[in-house]
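> Residue-level listing of the chains:
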Amino acid sequence: MSEEREELEIYLVPRKPWRFEYYIFIYLIALAVMTYYFVNEMSEIGWNPEVRFLGLPYQMGIALLVGIIWTLSAIILTPIYLYAMSRRIREIKRNIRR
Amino acid sequence: MVSTWSILVVAAAAIFFLYTLPAAILARTRMKRYVEKAFHYEFYIASGTLMWVTMAFTYMAAYMEAWEFVGMPAVFVSEGFEWWFIEMLFYLTWVPLWLLVSLRIWRPSKIHRYVTPTDIIVHRAGGYEAPLRIILAIIIFYATILYIGMIYIPTAGVLTAVTGGEISYHTFLIIITIMLLANIFIGGFRAVAYTDVIAGVTFLIAFGVMIYFAVAHYGGLGQLIDTAYNTELAKKVFTITLPPQYFLTMLLLYGPSWLFIPHLITKIYAAKDYKSVVLGGLFSKIGFLVGAFLSPIMIASAFLAQYGNLPELPSATVVEEYPARLFFDWLGPSILMYIIVLGLIAISRTTIDAMILLGASLIDWDILQKALKLKISPRARGWITTGLILLTAALAILVALNPEHPMVIIGYEFTWPAYAVIAFPAMIALFIDRVNKYGLFWGYLTGFASLILFTYVIWPEAPHNPFGVWEGTLPSAVASIVTLIVSYLTPPPPKEHLEEFWGIKKELEIIQKA
Chain A
1 MSEEREELEI YLVPRKPWRF EYYIFIYLIA LAVMTYYFVN EMSEIGWNPE VRFLGLPYQM
61 GIALLVGIIW TLSAIILTPI YLYAMSRRIR EIKRNIRR
Chain B
1001 MVSTWSILVV AAAAIFFLYT LPAAILARTR MKRYVEKAFH YEFYIASGTL MWVTMAFTYM
1061 AAYMEAWEFV GMPAVFVSEG FEWWFIEMLF YLTWVPLWLL VSLRIWRPSK IHRYVTPTDI
1121 IVHRAGGYEA PLRIILAIII FYATILYIGM IYIPTAGVLT AVTGGEISYH TFLIIITIML
1181 LANIFIGGFR AVAYTDVIAG VTFLIAFGVM IYFAVAHYGG LGQLIDTAYN TELAKKVFTI
1241 TLPPQYFLTM LLLYGPSWLF IPHLITKIYA AKDYKSVVLG GLFSKIGFLV GAFLSPIMIA
1301 SAFLAQYGNL PELPSATVVE EYPARLFFDW LGPSILMYII VLGLIAISRT TIDAMILLGA
1361 SLIDWDILQK ALKLKISPRA RGWITTGLIL LTAALAILVA LNPEHPMVII GYEFTWPAYA
1421 VIAFPAMIAL FIDRVNKYGL FWGYLTGFAS LILFTYVIWP EAPHNPFGVW EGTLPSAVAS
1481 IVTLIVSYLT PPPPKEHLEE FWGIKKELEI IQKA
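For the protein sequence lines, the chains are A and B, in the order given.
If you count by our numbering, then the first sequence holds residues 1 to 98, one letter each, in order.
If you count by our numbering, then the second sequence holds residues 1001 to 1514, one letter each, in order.
No lab work stands behind these hints, which were simulated from the structure alone.
None of the values given here were measured: they were computed from a predicted structure.
Mixed in with the good hints, there may be bad ones.
[Said to hold, decoys possible] Derived CB-CB ranges, DEER-like:
id	chain 1	residue 1	chain 2	residue 2	range
1	A	I68	B	K1506	38 to 48 Å
2	A	V51	B	D1329	24 to 34 Å
3	A	V51	B	G1220	17 to 27 Å
[Unchecked claim] Once the Cα atoms are required to be at most 35 Å apart in a straight line, the calculated DSBU-like pairs of lysine-lysine come out as:
id	chain 1	residue 1	chain 2	residue 2
4	B	K1272	B	K1037
5	A	K16	B	K1037
6	A	K93	B	K1495
7	B	K1272	B	K1373
C-beta atoms are modelled at their ideal positions from N, C-alpha and C, and glycine is treated no differently.
Chain A extracted, bound-state conformation:
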């Protein structure tokens, strides 16, 4: 990688959050509400093979849901960041060439 490209990559990481990054905090509030609800449910239900969630005993079903949520958020956010950064670098590079 050229030195110029390396510099661009370092200095073009925005120091303040991108607009889309603020939406993450709304998502976190939703997660907190979800956690509070499911934890209360788990405490009330206790060990009970009859109550099921996602086809599994309740607690295991909730754990699976949590795993699915953070896996999906990783899968969605990684390309978003790669795209946002590469677009920023591409635009600046194109303007420099002009």
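Chain A is already provided as a structure; the job is to place chain B on it using the hints.
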């Protein structure tokens, strides 16, 4: 009399070391290019030159480690489902916030070539350098020693279990320590990262074998979980005893505190480019999925299904022996078991080596070089670094000598709260320009003082507060609030300092050119 199988298990450590040796030697060869220019930056951070593939495996290694892989299933069974579940919860906040924070840590780290997590904090503070470095280095060092000790426990415990207790827990502690110290001495952080690639592949193969047997033995994942859930022991395991506020604070405070966890910070510094940070992050999540989610859910279920109706659990020196015992009972001394042993050795070294380097760097760089500004010759420098690495490893062994509690409990009680006290003021300073040296200094001082007071003096019983919230909640709240209040009551940091920290001048030059 020691059986042939036990000797073979010890030999597996040597075999693993030998087939990862080329990675360490390659690291040493490459290291020579950089080490003369900046010894500490190369030895502890690999000169910030690691490409995304290496970063991916070194980040995966951070979660595919003994603490998660064998520690978590053991905790699931011995302490209850909820202690594993809170580990899953923290990831809900860590995952979406990871790139927001890590990219903002990476940028100044590349501009200023940071060596330790303390570097970025004291640089951003812009004052009180020596006292801040000393306070931070001591607290991170102490917490890190506890952390390494915690990982030693499942590491040695699991290998003891594979030999049926014939080779003692303490013998394996020594064997594993020697193996990973040799790797560190050959090529520093670069050797650790390169070895993580081979270790990662080894572990994934062993993981495949383990999961295949766990699931195939019971005819599918659903059947496995149902069998586990319908045992006598499951009634206790799946009872929730922690209050909802404990879960909530784990989600909202413990999770974000991991965004500035010291041994991951140095891995961010080591990344060559932003893609390495982003993809490294993605692979760390894959590592977590395998090591901390799939493994505990399946291995703990298999353990419950196998032993959950017995009057009492099989005896063990440390509960972390359980996962290995399970597979040994199924497979006996066989080739498949040997593959699992190699996988267990592979995960046993990951993270510990990076954390030993972190511990040594805190004393070496922050205290000796930067705070005390000692003039050390290049020859003496090498000896000091070697001595500090040995000291860090030895102190951590002391923690692991008498493993009275499951290691995870020790972590939740002090290590993670200490890391949280470090993390929050640092992250606030990264995103709020108004934070100044006074705020950070007093924030850290009161944060650490409150952590020690709450944990050891005022509320010595877990969770060290009367509100039923996570142990790190109050001290990190004190540190964050004091940082903000003192910063707003005192003059703002000079604009030139912030511009120098973020490299604004250069950024403007690039943008103006465009």
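> Taking the earlier hints as the rules, which of them does this structure contradict?
none
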